[in-house]
Amino acid sequence: MTHNYWPWWLGGGFLALTAILYPLLTGDPLGVSGALGRVLRRYRHRTDDSARAESGCGEAQQAGEQQSTPDLGTGASCCGPASTGCGPGDSTVGASDQQRSERRSSAVFLLSMAVGGGLAEWAGGQTWGRGQLASEFYRLYGHGAGGWVALFVGGILVGVGTRLSGGCTSGHGLSGCGRLQPASLVATAVFFGFAIAVSFLIEGLLS
Amino acid sequence: MRGSLLRVVIPGLLLGFTVGRLGFADYNELHRMLLFRDLRLVLAFGTAVTLCVVLFALLRRKIRLEPVRFHSGTIPGALIFGIGWAISGVCPGVALVQIGQGIWPAFVTLAGIVVGVRIHGRFLSR
Chain R
1 MTHNYWPWWL GGGFLALTAI LYPLLTGDPL GVSGALGRVL RRYRHRTDDS
51 ARAESGCGEA QQAGEQQSTP DLGTGASCCG PASTGCGPGD STVGASDQQR
101 SERRSSAVFL LSMAVGGGLA EWAGGQTWGR GQLASEFYRL YGHGAGGWVA
151 LFVGGILVGV GTRLSGGCTS GHGLSGCGRL QPASLVATAV FFGFAIAVSF
201 LIEGLLS
Chain G
1 MRGSLLRVVI PGLLLGFTVG RLGFADYNEL HRMLLFRDLR LVLAFGTAVT
51 LCVVLFALLR RKIRLEPVRF HSGTIPGALI FGIGWAISGV CPGVALVQIG
101 QGIWPAFVTL AGIVVGVRIH GRFLSR
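Protein chains in written order, with the numbering used here: chain R, 1 to 207; chain G, 1 to 126.
The reader is advised that the hints may include incorrect statements.
Restraint-style ranges between C-beta atoms, simulated for each label pair [as the list claims (entries may be wrong)]: (1) G:Ser72 x R:Arg139: 21 to 29 Å; (2) R:Gly129 x G:Leu6: 25 to 33 Å; (3) G:Val42 x R:Ser207: 37 to 45 Å; (4) G:Arg64 x R:Ile196: 31 to 39 Å; (5) G:Arg64 x R:Gly144: 45 to 53 Å; (6) R:Gly131 x G:Phe123: 20 to 28 Å; (7) G:Gly46 x R:Ser101: 21 to 29 Å; (8) R:Ser135 x G:Ser72: 33 to 41 Å; (9) R:Ile196 x G:Thr50: 18 to 26 Å.
FYI, nobody ran anything at the bench for these hints, they're computed from the structure. Note that CB positions come from ideal geometry on N, CA and C, so glycine has one too.
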């Protein structure tokens with residue numbers, strides 16, 4: 001299976017374009033894990049990075065997650081001073097509508113990414129729906145249960161880690177590093193470093 | 001987020017397409033990058049960050065974003081994410097791109113990510 005992937009400069013250029021375009025169009029920083037968090041969480045606020053969200057809104061968030069009914073007053077008053085979009089607009093009822101619309105637009109953003117991936121496959125002349133991961137994965141984990149466990153457990157670590165850290169490859173790596181944010185620079189160095197170390201470990205242990 | 005859904009559809013399509021065409025969602029490419037056997041993706045990422053630094057600086061009056069807060073979860077979270085990234089070959093966006101590419105095992109990865117986000121929301125968010 002041969003691939004005609006883009007050269008580094010083209011891919012790098014388009015990644016940067018996305019990281020710039022997203023805040024230009026929405027006013028929020030690009031962040032896939034943040035969008036996932038907004039879709040999955042019963043959140044009370046609108047900030048993108050869990051880091052900022054949790055700094056200002058942690059207690060309200062917890063309270064809200066325990067109750068099924070939205071605790072909008074607390075959420076709005078808590079978030080108000082800390083974040084741009086929690087401002088005057090979402091005092092009571094508006095907050096609920098805004099949160100719903102944020103959840104919807106985050107879901108649409110994530111779906112668009114999947115569609116974009118499908119289009120890339122088509123544009124690259126690949127047979128769509130080959131249904132398998134790439135060969136190195138099976139060389140390391142085999143075709144049995146080990147591979148499924150690796151995907152599921154790896155996925156859990158990705159989910160917990162990105163939310164705990166407040167960003168992923170896009171939020172910290174592109175958007176945060178691009179703005180020279182110390183937290184993002186450190187986080188990116190750490191997740192790249194550990195990914196490299198674990199890759200060598202996997203290669204040494206499993207191959 | 002204000003405005004129509006097109007504001008998120010355009011960057012979403014663009015990011016998914018770029019990740020797909022770059023091969024960032026290909027386990028072979030990612031694994032080779034993390035072993036330093038192939039520097040194409042490292043160069044792509046470095047180029048992207050460099051361009052972002054320049055463009056964010058040029059557009060600093062147009063794009064006003066809050067600082068990213070450094071907190072007690074920043075480093076442990078990044079550490080956990082790095083381990084999961086190497087094991088599964090995906091960051092959150094890549095799982096979605098793989099599903100879009102018809103790589104069905106990615107549904108299992110995404111299920112893991114969803115569970116992880118839920119675990120964080122329930123036990124780890126302060």
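Legend entry - Range hint 21 to 29 Å (beta carbons of G:Gly46 and R:Ser101) holds or violated: violated, 36 Å
Legend entry - Cβ separation of G:Val42 and R:Ser207, checked against the hinted range 37 to 45 Å: The hinted range 37 to 45 Å is violated for G:Val42 and R:Ser207, with Cβ atoms some 21 Å apart.
Inset, instruction - With 33 to 41 Å as the target window, see if R:Ser135 and G:Ser72 comply at their CB atoms. - result: Since the Cβ atoms of R:Ser135 and G:Ser72 sit about 40 Å apart, the hinted range of 33 to 41 Å holds.
Inset, instruction - Given the range 21 to 29 Å, decide if the beta-carbon distance of G:Ser72 to R:Arg139 lies inside it. - result: Given range 21 to 29 Å: violated, Cβ gap about 38 Å.
Inset, instruction - Just tell me: holds or violated, for the beta carbon distance of R:Ile196 and G:Thr50 against 18 to 26 Å? - result: Once the Cβ atoms are compared, 20 Å apart, the range 18 to 26 Å for G:Thr50 and R:Ile196 holds.
Inset, instruction - Take a look at whether the Cβ-Cβ distance between R:Gly131 and G:Phe123 falls inside 20 to 28 Å. - result: With a Cβ separation near 34 Å, R:Gly131 and G:Phe123 fall outside 20 to 28 Å, so the hint is violated.
Legend entry - G:Leu6 and R:Gly129 - C-beta distance against the hinted 25 to 33 Å: Taking Cβ atoms as reference, R:Gly129 and G:Leu6 lie about 27 Å apart, which means the hint holds.
Inset, instruction - For G:Arg64 and R:Gly144, compare the CB-CB distance with the range 45 to 53 Å and indicate the outcome. - result: holds, 51 Å
Inset, instruction - For G:Arg64 and R:Ile196, compare the CB-CB distance with the range 31 to 39 Å and indicate the outcome. - result: holds, 34 Å
Checked against the numbered hints above, the structure violates hints 1, 3, 6 and 7; every other hint is satisfied.
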